[in-house]
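Student: Take a look at the letters that make up each chain.
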Amino acid sequence: EVVMTQSPATLSVSPGERAALSCRASQSVGYNLAWYQQKPGQAPRLLIYGASTRATGIPARFTGSGSGTEFTLTISSLQSEDFAVYFCQQYNIWPCSFGQGTKLDSK
Amino acid sequence: QVQLQESGPGLVKPSETLSLTCSVSGASVRNQHWSWIRRPAGKGLEWIGRISGSADYNPSLRSRVTMSVDTSRNEISLRLTSMTAADTAVYFCARNHGSGWHFDLWGRGTLVTVSS
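Chains as they are written, first to last, in the numbering used here: chain A, 1 to 107; chain B, 1 to 116.
Hints should not be assumed to be uniformly reliable.
[To be verified] When the alpha-carbon atoms are kept at most 20 Å apart in a straight line, the in silico EDC-like pairs for lysine to aspartate or glutamate are as follows:
| id | chain 1 | residue 1 | chain 2 | residue 2 |
| --- | --- | --- | --- | --- |
| 1 | A | Lys-39 | B | Glu-46 |
| 2 | A | Lys-39 | B | Asp-104 |
| 3 | A | Lys-103 | A | Glu-17 |
| 4 | A | Lys-103 | B | Glu-16 |
| 5 | A | Lys-107 | A | Glu-81 |
| 6 | A | Lys-103 | A | Glu-81 |
| 7 | A | Lys-107 | A | Glu-17 |
| 8 | A | Lys-107 | A | Glu-70 |
| 9 | A | Lys-39 | A | Glu-1 |
| 10 | A | Lys-107 | A | Glu-1 |
| 11 | B | Lys-43 | A | Glu-81 |
| 12 | B | Lys-13 | B | Asp-104 |
Treat the hints as calculated values from the structure; they're not laboratory data.
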């Protein structure tokens with residue numbers, strides 16, 4: 001199974017600033033990487049798939065980049081509603097696997 | 001608006017069988033792929049299995065898992081046998097994006113605790 005490692009575990013950023021979340025795969029997953037956002041008590045929401053394609057309705061401040069084993073989710077100009085847990089998922093190698101998540105909280 | 005709602009017992013005894021249901025509203029369960037995913041306490045998410053016409057299961061759980069689709073009720077079901085404390089987790093149902101392996105719609109999840 002491909003091991004997905006996210007860093008940092010917790011990231012504290014001030015509203016209006018930029019956040020960069022990292023996801024690393026134990027072997028190449030090409031561009032088959034998705035990012036999700038989850039808020040307490042809510043269903044996870046798909047943000048990015050194909051490493052860089054925003055899902056329907058996702059604001060342009062969310063940007064996914066990377067390929068192979070190194071991926072980044074960048075959120076420019078953080079809004080209050082962006083503070084949540086983010087996790088990545090590879091779906092290049094079956095079975096798909098997820099990272100442990102990064103909690104983004106307000107500084 | 002498509003919504004998924006998981007339901008089932010919050011508490012299961014060790015060695016018992018877990019049965020969960022995912023009710024789908026706003027869309028038909030036909031001709032789409034649906035997955036169950038779980039998050040054990042303190043751990044990352046784990047994909048359990050996917051079903052459309054046929055089912056695929058995570059090899060780590062394959063011997064204990066059965067998934068099914070009830071088109072008359074518009075529901076997806078999960079059955080996990082021989083439950084242990086390691087199966088304590090929040091269980092999610094999710095819709096696969098097309099025939100792919102990422103997930104474009106999730107339920108809120110339901111907590112299942114295994115304890116005597």
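Student: Each hint: holds or not?
Tutor: Hint check results:
A distance of roughly 18 Å separates the Cα atoms of Lys-39(A) and Glu-46(B); the hinted pair therefore holds under the 20 Å criterion. The straight-line distance between the Cα atoms of Lys-39(A) and Asp-104(B) is roughly 16 Å, inside the 20 Å bound, and the hint therefore holds. Between the alpha carbons of Lys-103(A) and Glu-17(A) the distance comes to roughly 16 Å, so the proposed pair stays at or under 20 Å and holds. Between Lys-103(A) and Glu-16(B) the CA atoms are separated by roughly 34 Å; this puts the pair beyond 20 Å, and the hint is violated.
Between the alpha carbons of Lys-107(A) and Glu-81(A) the distance comes to roughly 14 Å, so the proposed pair stays at or under 20 Å and holds. Restraint check for Lys-103(A) and Glu-81(A): the C-alpha separation of about 13 Å stays at or below 20 Å, so the hint holds. Note on Lys-107(A) and Glu-17(A): the hinted pairing holds, with a Cα-Cα distance of about 10 Å set against a maximum of 20 Å. Of the supplied pair hints, the one linking Lys-107(A) and Glu-70(A) is violated, its CA atoms being roughly 26 Å apart against a limit of 20 Å.
Proximity of Lys-39(A) to Glu-1(A) is assessed by CA-CA distance (about 27 Å); at most 20 Å being required, the pair is judged violated. Between Lys-107(A) and Glu-1(A), the direct Cα distance comes to roughly 35 Å. Violation of the 20 Å bound is thereby established for this hinted pair. A hinted pair counts as satisfied when its Cα atoms are at most 20 Å apart, and Lys-43(B) with Glu-81(A) does not qualify at roughly 24 Å. At most 20 Å may separate the alpha-carbon atoms for a hinted pair to count; Lys-13(B) and Asp-104(B) exceed this at roughly 33 Å.
Consistency with the previously given hints fails for numbers 4, 8, 9, 10, 11, 12, ordered from lowest to highest.
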